[in-house]
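K.L.:
Start from the sequences and build out the full structure, keeping to the hints where you can.
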Amino acid sequence: MKFKAVFSIFLSSILLFACKKENDRTQWDVEVLGPVLYASLSINELLADSIIQSNSDGSVSLIVEQEFYNLEPDSIYKIPDTTITNIAVWPIFSANIFPGFAFPNQDNKISLGLGSVQLTKAIVSKGSIEIELKNSLPEKLIYTYSIPKAKKNGLAFTIVKEVNAADINGPGIYQGNFSLEGYTIDLTGVNGTQFNTIAYTLSAISDPGGNNFTINFNDIVINLKSTLRDMEASYVKGYLGQNSVSESSSNTTGLASFVRGGYIQLDSVSLDLNIENYIGADAQIYFNSLSSVNSRTGSTVTLTAPSLLQRPLNINRAQESGPPLSPVIPSLHNFHLDNSNSNLQAFVENLPERIHYDVNLNMNPLGNNFSLYTDFLYRDFLVKGKLILKMPFRFAADNLLLVDTQDISLNELTNLDPIGPLTLTLVASNGFPVDFDLQLFTLDENKNVTDSILIPGNISRANVDAQYKVTSPVITRIEIPVDEARKDHIRNSKFMGIRTKFNTPDYAQLIQLYSHYKLDLKLIANGTYYIR
Amino acid sequence: MRKLFLCYSIFIASILTVEAGTPGTELFNIGPGYNQVYSLYTDYSFASGTVTNQFANEYFRSGFITNEMKDEVSKNLFHRNTLGAEFNASITIAQKLDTLFGSFSGISFIRISNKAHIHAKFENDLFEMYFRGNKNYAGKKAELGPFKLKSYTYQQLTYGIERSSERKNKHIIWSTAVSLNIGQKYSGYDSQSSSLYTAPDGSFLDVNLDLRLRSSDSSQSKPGSFNGYGFSIDGMVIIRDEKQNAWSISASNLGYIQWTKESAEVPIDSSFRFEGIDVTDIFDFSDTIRKEITTDSAYVQSFLTDRRKKAFSDMVPFHLKASYSAQLNPGKLILDIGAEQIFFAEARLRGFTELKYNFKRRHQLALNLSYGAYTFWNLGLGYKGQAGKSWVFCLGTDYLSSMLNNGKGLSQGAFVSLEKYF
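Protein chains in written order, with my numbering: chain A, 6 to 537; chain B, 17 to 438.
By construction, these hints were calculated from the structure, which means they are not laboratory data.
Quick caveat, the model's predicted, so the values are computed rather than measured.
All C-beta atoms in this analysis are idealised placements derived from N, C-alpha and C, irrespective of residue type, glycine included.
Don't take every hint at face value.
[What the hints assert, rightly or not] If you want a taste of the chain A side facing chain B, the calculated C-beta under 8 Å gives, among others:
id : residue
1  : 38
2  : 43
3  : 45
4  : 46
5  : 96
6  : 531
[As the list claims (entries may be wrong)] Some chain B residues well away from chain A (every beta-carbon gap over 10 Å; in silico):
id : residue
7  : 112
8  : 149
9  : 157
10 : 185
11 : 190
12 : 224
13 : 245
14 : 337
15 : 349
16 : 376
17 : 421
P.N.:
Right, dumping it as structure tokens:
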């Protein structure tokens, strides 16, 4: 044992001195030269929210589609919460009631307060009926509540409930809430000639296992309170009335989030207003106004378009087609605007951050004379309005400034410790006939700028011919020294700001953009990297 | 293994002087009155034709490699560069077997060893690229292959016998052994041809990779892990004449390890141009989409997708050695001369000569001169001494001359052993 101990100490000492590590890993510095990042930007990237259409000659048109109007069914009709109380008394002289005695049925109805809307049928998508029954007699009663014309899977809505006898504390009471979801309700009443009417029946028998008792004149046999709550229908049929719906609102275009300055001139613009009516009722739309609002410049351009604005636009009723997934054949309506029939170009050149509209919708302008209760409305198929803006990408830009902020996850790039002094070179190969003044900012968590990465950031436009068509790209090199301070800014940044200012040559001269135009950006590192 | 042999040679010469008074180079020489020997042994070595000791020390001890250290290595770079490093430790128990039902006499032994071995060959461009970066290669192509690097760590359980006989005035000693190899850790990089071209302005890199990566199961690589198994055999023959001059030839560790199916192999045969990580998405003028930049998808994963689990086998370094031992002054001054080749490694033929001087019956000094293997000329020194009647201590180095010049020397190593006779 002594031998082993001595030798173990000796061997361990040698190994410890021979193999003692200075660091976790071997360290050295290397001088690197190579690409780090690249981006190839065509019009598709620069205008990501738009749909770019390439024409046969390679020229590019911009198509912007935006839905601008969505009608809510509540603006046409709304089923209010409705409560009906039904009380029946013993109509004649006193009598002995034996077990299992059937009291006379009580037929009644619930009338929905829908104003001028007259519905004959509804499919309930949401809502319930709340029932309260009170028994003032000395024996238990068994009630049967039924809506014969409310059916689900072929079965009528029926509930059977026992209500205890009255005692010294008062009548026996039952309260319950029952969903009507999925029920198809005929709203024409008992004889089928009414509308907005839910007919129901209530019957009562004395407890078959109970005792005889005496009932007197005017004793309350039935005391029912029924309440419809939160009713919504996925489908209704009947007459939708002559409601008038007005809406004055604004839709943002998204331009405000990144267009922060400058001017633009366009060649030509066209706008199609498509309206799809999925409601089975005639309607009339009246556009009071459409305005292009630019809060940055304070400029508002009101659309002048006699064929569209301030005149009634008749919208025909849709047709029911039947298939559950697509039960409606909409009526389609298109209104076209361009430079010849409107001031649309000025409307768009205003670079609107939002479009304000003021519109009225009048249902059934001809009343119920022709439809005869055949109007219908599916909750999921109403009226859609869509603006489709088309313009050739032929424009002139004067200091058009686009700004964007990116929340960039730099998880794999934030360990900048291994990076020593280096110079980043931004190599830009510009194939656009546009001068870009590009700037990248590092931003803190409050989006305050902590550093400007590119100074200067001018990227010269491509070479062009007499028609301002690009003949060859122009390469610009911008050097970015990276020292410890800049590393700290990058390391601590939470956002990256991108600002690009556009200028086309000889402003007001219109420049056509083509789909093959590209701006290639590449970042090349030249410096020291610490291997750790 | 080389140091093991030298140590044993010194040790045995000493034993013979002290115990028997006759020279020899057999593995064990358990003299009269003794039946057993316990031996503990360890050695390490690093040798290269290119990489300096100082550089290697910093690299293997996770230090900081300065440009001055790189410069010294760069001075030595030529077309084909090699290096090798070893660390070995073992415990041996040898038992004299005088009778085995009268049919056998000799020595049997059991040894438990831990072995670690690294060897590599590489182009000068690979060194410059790896340790200095690619900046100096702007506008040039760096040839990164052929390149080979293997690193093994494994344990061995060895059983062997040694016998001797007399024939025509010749004393013949032979030994043989078989070992079970237990693989702990393996990594190998093998490229026949790879290159990297750096554009003059750094705007792109043309990468051509023909590389195979192999490694044992990385989830368990600590000592005691079982990631492979294999076998090795050893053999040695010594023929000694009546003047005690001796011829010997030995083959050590001819064997392999079959690494388990949990091992990984990544074949890479790819040529591509790297122009940076694509960040086009962050220029989309939309605030609605969160952007993430990941380097994985950009260039790392693109050529690591063919990673597969696969069992494979590889030979372990095998030493073949021949030598002649001449008694210049019998019992006092002995000269060994020989050659050694390490197969399945990147070593060249190594020639060596060693002069041993015995003094005061209990001490021996050995001076050796060698050339080859992974490096060039080296002068070494060894000492062996006896303590008491049954303790023998051995200490030495094959690379004394290189170790004295740490900044420019290209090799280093040491061995030490302790033996106890019973």
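K.L.:
Can you give the numbers of the hints that this structure goes against, from lowest to highest?
P.N.:
5 and 8
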